[in-house]
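Those protein sequences? They're chains A and B, same order as listed.
Residues in the first sequence are numbered consecutively from 1, following this note's numbering.
Residues in the second sequence are numbered consecutively from 337, following this note's numbering.
Note that these hints are calculated values from the structure, not bench results.
Everything numeric in this text was worked out from a predicted model, so none of it was measured.
By construction, the Cβ of each residue, glycine as well, lies at the ideal position given by its N, Cα and C atoms.
It cannot be assumed that every hint is accurate.
Stated by the list, open to error - Sample of chain B residues at the chain A side, in silico, Cβ under 10 Å:
id : residue
1  : Gly362
2  : Asp363
3  : Lys364
4  : Gln388
5  : Ala460
6  : Tyr475
7  : Ala483
8  : Gly496
9  : Val526
10 : Ser548
11 : Ile549
Claimed, not checked - Okay, the calculated bits of chain B under chain A, using three or more residues with CB under 8 Å as the criterion:
id : region
12 : 374 to 386
13 : 430 to 442
Claimed, not checked - Here are the computed distance ranges between Cβ atoms for each label pair:
id : chain 1 : residue 1 : chain 2 : residue 2 : range
14 : B       : Lys365    : A       : Arg273    : 24 to 32 Å
15 : A       : Lys319    : B       : Thr349    : 33 to 41 Å
16 : B       : His471    : A       : Pro230    : 50 to 58 Å
17 : B       : Asp552    : A       : Arg273    : 51 to 59 Å
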Amino acid sequence: MISLPEITAVLKNDDPAFLEQLARRARRLTRMHFGNTISLYAPLYLSNYCENFCTYCGFNCGLDIHRSRLTPAGMEKEMACIARKGIRNLLLLTGESPRHSPPSYLKEAVILAGKYFSGIGVEIYPLQTEEYKILHAAGVDSVTVYQETYDRKRYAHYHPAGRKRDYDYRYQTPQRAAEAGIPRLTLGVLFGLGKPAADLHALYRHLEDLMKRYPGVEYALSVPRIIPLPDAPDRYHILSDRNLAKVIALTRILFPSVGINLSTREPAAIRDRMIHLGVTRISAESKTMVGGYYRKTEEDAQFYIKDQRSVGEILRMLKSQGLDPVFTDWRRIGSA
Amino acid sequence: MTPKDPLVIGGKTITNRFFLGTGKFGDKKVMRTAIEKSGVEVVTVALRRVDQQQTPENLLDFVPENTILMINTSGARNARQAVTIARIARESLGINWVKIEVIDDSKYLLPDNQETIKCTEILAGEGFTVMPYIHPDLYVARELQKAGAASVMPLGSLIGSGEGLQARKFIEILIREIDLPVVVDAGIGVPSQAAEAMEMGADAVLANTAVSIARDPVQMARAFSLAVQAGRLAHRARSREIRGQASPSSPLTGFLFEESP
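If we strip away everything but chain A, and leave its shape as in the complex, we get (with noise of 0.2 Å):
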């Protein structure tokens, strides 16, 4: 297991020459383990009312914002909207609010989301072994959650109230997920909220820990960078371009089995390269709001995407690449 000191010193080295090397065996892995290909998604925000205080999020409780939750009828507006584009990996996300989007609400999303695509992962609030076994059983193959970041004091500074204070809890969730029965786990720092490289450090640690305690799970990471608010009162640790690259690349290398997600909150000139890099699987034409791909609305979103190409645009750059788009890459066979 690499060191803190380690992955400092690869942060910190800015030598063109060992950034090269480290990229050009971070692409060989990648292509040996990978192939030539991306997987698509996309991310449908089904609620955004939530009772956490994260003071960096877009849904923070404390925001002024319209609040909304899907219908039913809603929920199947955005699914076909999203379908019709081709994708067939949906994302479903919640703010936390058990009122508002409790486990039930998911899984009736779930079920719905069962009709258009092949692939169905949650970006939800953490949940009990119970919960997450009901919505397996409902059709939900990934779960998705990140720590944030793994410095405990700056967990609590970030996050001062609500459910969400409770680090054990959280960081125990993949845990809980894999116990389920749930065959796919991305785990991720938002990085800026801690020092990049002892977050990488924990969640190294983190995800060896869960790939020797359940081996047969595929693991994959996602490396977003937080994006400040507007009159954001704390500073962060911005993650550079450049360092961006570094753990992309450092990531292959250290887990050339492990998959690597880059959202739309990346611009398409950071998106373009890295596929190269290590990253596997990105979404397209996103939409961060509830309601976003019928009503066409901006508004009230969690964060603001940089990555604005519709997902025939992504499509023609893959295919200019050499790389090839994967929209299924899942097939739920019940619960078997």
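Once you have looked at the hints, place chain B on chain A.
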């Protein structure tokens, strides 16, 4: 690849002993051309990559007609899941050939031999042509033979590693002891490794990554096809000394035991 040397699996006669996996190609049209130009007859397709709805990007539409399609059970972590995948493939696509791939380790992607045996018993009993992907183990291969497997597919080395025949000694044992076609699968990175597997007596070789990520996949598929053919010819033509096997007759010392007329 001479007409007199066919490989028969599941009642089908196969001339080209190079099998190709369909994942990982950067362009599905190039994949189709690679299959056509190299004369590949058997390809594997992961059910999880097959779109249930008609789309312009559906993998199956890029596999030439008359190709023998073998569904692989990629994504299955136990025998039950692999059995379900095979049944779905038969019901929805009419495909009867199945490469059993049961993997419960996402780091090394090593196959679970025990679950593979269970799955083979069930699917062979249901009339599938079962090709189990295994870690080369003699006892396991014997069990698979008893269970009704149509072949065994031992790994050369780790999936996607390109490290060639790291498991050579153990595959050799299977070739000698198991009365089923032995198809070397996984880890074959260059055509010379495929030729080596065939020289040693493997009945066929399956590759995917090495072809799909080549700068020119069409030419690489041809190179593999030719290497497999060359390896096969060499195996049939080679002298027994090189093969390292005892000769059943004793041309040099047999006279010492002959009774005088």
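Provide an ascending list of the numbers of those earlier hints which the structure does not satisfy. 5, 6, 7, 9 and 17
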